[in-house]
Structure formats: C-alpha cells, structure tokens
Amino acid sequence: MTTSTPARPPTTRVLSIAPRSRPRTLVVLLHGYGASADDLLGVARELSTSLGDAEFLLPDGFHPSSSGAGRQWWSVLGMTEQNRGDRIRTAADELDPWLDRQLSSRDLSSRSLVLLGFSQGAALAMEMASRRALRAVVSLCGRPVERSSPIAGTPMLLVYGGRDTFITRDDAERGAAALRARGARVSMRMHPQLGHAIDRAVIVESDAFLRSIEEP
Numbered sequence: 001m002t003t004s005t006p007a008r009p010p011t012t013r014v015l016s017i018a019p020r021s022r023p024r025t026l027v028v029l030l031h032g033y034g035a036s037a038d039d040l041l042g043v044a045r046e047l048s049t050s051l052g053d054a055e056f057l058l059p060d061g062f063h064p065s066s067s068g069a070g071r072q073w074w075s076v077l078g079m080t081e082q083n084r085g086d087r088i089r090t091a092a093d094e095l096d097p098w099l100d101r102q103l104s105s106r107d108l109s110s111r112s113l114v115l116l117g118f119s120q121g122a123a124l125a126m127e128m129a130s131r132r133a134l135r136a137v138v139s140l141c142g143r144p145v146e147r148s149s150p151i152a153g154t155p156m157l158l159v160y161g162g163r164d165t166f167i168t169r170d171d172a173e174r175g176a177a178a179l180r181a182r183g184a185r186v187s188m189r190m191h192p193q194l195g196h197a198i199d200r201a202v203i204v205e206s207d208a209f210l211r212s213i214e215e216p
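Note that the working numbering gives residue 171 to position 171 of the sequence shown, counting from 1, and the numbers run on in steps of one.
None of these hints come from the bench; they were simulated from the model.
All residues carry an ideal CB built from backbone N, CA and C; glycine is no exception.
It is possible that some hints are incorrect.
[Said to hold, decoys possible] Here are the in silico distance ranges between beta carbons for each label pair:
1. T12 / R84: 32 to 40 Å
2. E173 / D100: 17 to 25 Å
3. T80 / I213: 30 to 38 Å
4. P150 / D100: 31 to 39 Å
5. S105 / G78: 31 to 39 Å
6. G52 / R200: 16 to 24 Å
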C-alpha cells in the first residue's frame, strides 16, 4: 500500500505594502496571465492610501508563463471550456495552503482576507470564494468557473470593460447571475470605453467598494 504526502505550498516572490498599524485586513492581489506582481503594484499603492489597517501582498504566479514571458497561475496551452474549470481548481489547490500560511502568521482568519485579481487572477479569486468565507473579492476582467457550490455571502465587485475582446457583456452578465445564484453578494460594473485593462476609474471604484465593506 502506498501513501501520499501533502504537497508543500509553493514558494514565490512576493511584493508587499505594510499597514500603518497592526493589520486587521490582508489584501492579496493576483495578477493576470503572462504578467507578474509588479503589474498590480500601482493598484496596491493607490488602495493602501485609504485602507491604512490593511497589509497588501502581491505574489508572483506560481508557474512560468506558457508564453515564456511572465508568470501564470495555470497553463493556457491546450485549454478548452471543458478543462478550464479543472485547471482553475488545481491552481486554487496550490493557492489555498499559501493563503493559510499568510493568514496564520498574522493571526488572521479568512474573514479578514480580501482577494483582488485581474483576468486569470480574477478567475482564481472568484474560485477561492467557493472554498472559504472571505471579507471580499474584487474581480477585474475575470470570468468565473461554472459550478454549483455555494458562496457564503461573500461581497464581490465584478468590473468589466465594454471593449474587452476576451469577455463579452453576455459573459459578464451570465457570470454575475451565476455567482448571485450561489449566494454571493455581487455588484457588477461595466465600463463602456474600457478594454481588458485597469484604469484610474476602476481603481477608484475598487477603493470605494472595499471601504464600504463592514469590518470583519
């Protein structure tokens, strides 16, 4: 009989912004495919100015990008609608223990955890909400996995661009409706002139949303 040992949590480069006081909230920013933690550092800096009791962590994706540039949370090579969900769930299996370590070392619970993701990172952030009760999720240009497991009332802000060539308005509205049906408290915003990107208006909107969430 063979036994398996749990996989060790991945190690990765992590950028951080320290809180001005003892952290009551941990905000983890998850970048998109082929990018790195640096791509969301400006977003974190903007948000940190008004969320003074929050610590911000920006990990690099755990794997080199399939394109050879940047990092990824899962491979897009050979990805189809049929296997996309499995790949995101595998990525979430890797992220779970990493998040546990970060929370434990700060004596925080998942109720104090905010996940903000862009594109691939946004899909991963939404997947994590089906695994643990979070303080909030901010999904920027992300498409959730189609599944039926409940989401325990997690507040979610979903932001999309009207000129996004990867996610249509129908995709966005269908995904938001599916998340609401699973119990998430979803606010969806469509920016007509925005593509698959983050601009100043999106950062301001994300900041207002996070400041509106009740303390854990």
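Here's how the hints hold up against the structure:
1. Taking the beta carbon of each, T12 and R84 are about 23 Å apart, not inside 32 to 40 Å as hinted.
2. Hint check: E173 to D100, Cβ distance near 34 Å, so the stated range 17 to 25 Å is violated.
3. One distance hint, 30 to 38 Å for the beta-carbon pair T80 and I213, holds here, with the actual separation near 36 Å.
4. About 21 Å separates the C-beta atoms of P150 and D100, a value inconsistent with the hinted range of 31 to 39 Å.
5. The beta-carbon spacing between S105 and G78, approximately 37 Å, falls within the hinted interval of 31 to 39 Å.
6. A hinted range of 16 to 24 Å holds for the C-beta pair G52 and R200, which are about 21 Å apart.
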